Amino acid sequence: MALKDITLGQYFPGTSLIHKLDPRTKILAVVLYIVALFLAKSFVTYLIMFGVLAVAVAVSKVPMRSLVRGMKPVVFILVFTAVINVFYTPGDHVLVKVWVLTVTMEGVWNAFFMVVRILMLISCTFLLTYTTSPILLTDGMEALMNPLKAIHVPVHELSMMMSIALRFIPTLIEETDKIMSAQRARGADFDGGNLIQRAKALIPLLVPLFISAFRRADELAVAMECRCYHGGEGRTRMRQLQYKTGDVVVLVAMLVIAVAVGILGFRGY
Amino acid sequence: MEAILETKKLSHIYSAGTPFERAALLDVDFTAYQGEYLGIIGHTGSGKSTLIQHLNGLLKPTSGQVLFQGTDIWRDAKTTRETRFQVGLVFQYPEYQLFEETIYKDIAFGPKNMGLSEDEVDRRVREAARFVGLKEEQLEKSPFELSGGQKRRVAIAGVIAMEPKVLILDEPTAGLDPVGVESILGNIRDYHEAHNATIILVSHSMEDVARTVDRLVVVNDGTLPYQGTPSEVFQHGQELEAMGLGVPQMTRVFNRLKGMGFDIGSSVFTIEQAKKAILDTLSTGGGT
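Chains as they are written, first to last, in my numbering: chain P, 1 to 269; chain A, 1001 to 1288.
Bear in mind the hints are in silico, worked out from the structure with no lab data behind them.
In this text, all values refer to a predicted model and were calculated from it rather than measured experimentally.
All residues carry an ideal CB built from backbone N, CA and C; glycine is no exception.
Any given hint could turn out to be false.
[Stated by the list, open to error] Partial list, computed: chain P residues near chain A (C-beta under 7 Å): (1) Ile179; (2) Ser181; (3) Gly187; (4) Arg198; (5) Ala199; (6) Lys200; (7) Ala201.
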């Protein structure tokens, strides 16, 4: 199993314009992009959305191959969505009719747009995590969620939990790899057998993994307390987030694009 | 001597075809002989862990062959699986792989996977437990109640219970106190002698390796620059130093003494050997 190929939450260090943007800008831009993506209806609007993404990817200098590699886990969802859309979209232009399954022109287009939409959705969120270090990402999230403190949402704690979770993904993957090898060396078989056998085979992997996760959590908690961590109250930051001209430009541009796509989409383009 | 485990032109490249491509092993010809006590040394990242994971088929070579008793272990899936039982591998910090409710069940995991009869599994579990010094009444306890050192014994017993012909241990003494180190090394020697098994001990501690093994293989940057008896290998003191390994302290002292013109034995790794060598030299009136 190629666990090391998992690209979830991976960060590619770089110095491109996109890397340098404020994390809050990038998060907001991604949110706007996703909203616009769902307002897009047809060719014109999809083309605009694709253009925005293409420019962003080109500027970020994230290798295309990494983006494609990240898509692998969603291939199943893509195929599933496409099939469902092809067969279950009612329409007038029937292309093929076999038994109860009808393929319409509208269905094919629907499937096409749906797949493109999901691909772009994933690409833009990948671009966010590829170009933003996990620390900046959670800093940005925390800053954006700050207003929620007024209604007693533990914003700082939530973002701390998130950064810890992100931080430990690679560690846990490595740990999983190690335990798998160790149990394989004792003859464990993770790939063969029927569903029940496979589920059972996971016990020698999951038990040690959970134990080690709890142990790590415990150690981390002690280490944090040793350094007098006591939550967000009165805590200052080493990295201060600051909007620059570029951030304003990107946000305004993204907002204009989103509104434009919204209007165009509403009119059916 | 008869070779039991061999690699021929073994190369392994991690993440081949990506920007992260890195060769961990390059054309390695490695041989372990039947019944020997072999040491593998190399610093972190030298490729020693990659090498041992090839020896029981956990990693597949990018190119080259791994032969167990003359048969390519990747010939078919069955051979690979069989090899894993014949070549037992104890990972670093093996205590973190325990998972069963009782020590007995955990040790029995390997033998059960081999498809042995219940009586045979029972015999092997008890024998393995005895080898690592676990008491009979401990077997029904949970492994998670034990201390770190005891857990490691259970984990090692879990591999010994498969009665492998070759037993590979990756840093089995890491993080143990001196008493724990001695007793684990003793357990391993007992198994070596009782079963005439080939032992491969991986370590970066020259002191530990020098006084236990018959033969030594040095791994550096994915190649094997030196092989031979510890005293042969330690002739290359300066080169080893450059690899970040160095020779045992006593050996270094004696190499210096020799350099100063004293006629004194050079295969000295421990304080006991040093004492003997000095006394011998004094009694024969050697030196200047």
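Against the structure, the hints come out as follows:
1. Ile179: 6 Å, holds
2. Ser181: At 5 Å from the nearest chain A Cβ, Ser181/P passes the 7 Å test, so the hint holds.
3. Gly187: Constraint on Gly187/P satisfied, holds at 3 Å.
4. Arg198: 15 Å, violated
5. Ala199: At 15 Å from the nearest chain A Cβ, Ala199/P fails the 7 Å test, so the hint is violated.
6. Lys200: Not OK, violated: Lys200/P not within 7 Å of chain A, min 12 Å.
7. Ala201: 10 Å, violated
Checked against the numbered hints above, the structure violates hints 4, 5, 6 and 7; every other hint is satisfied.
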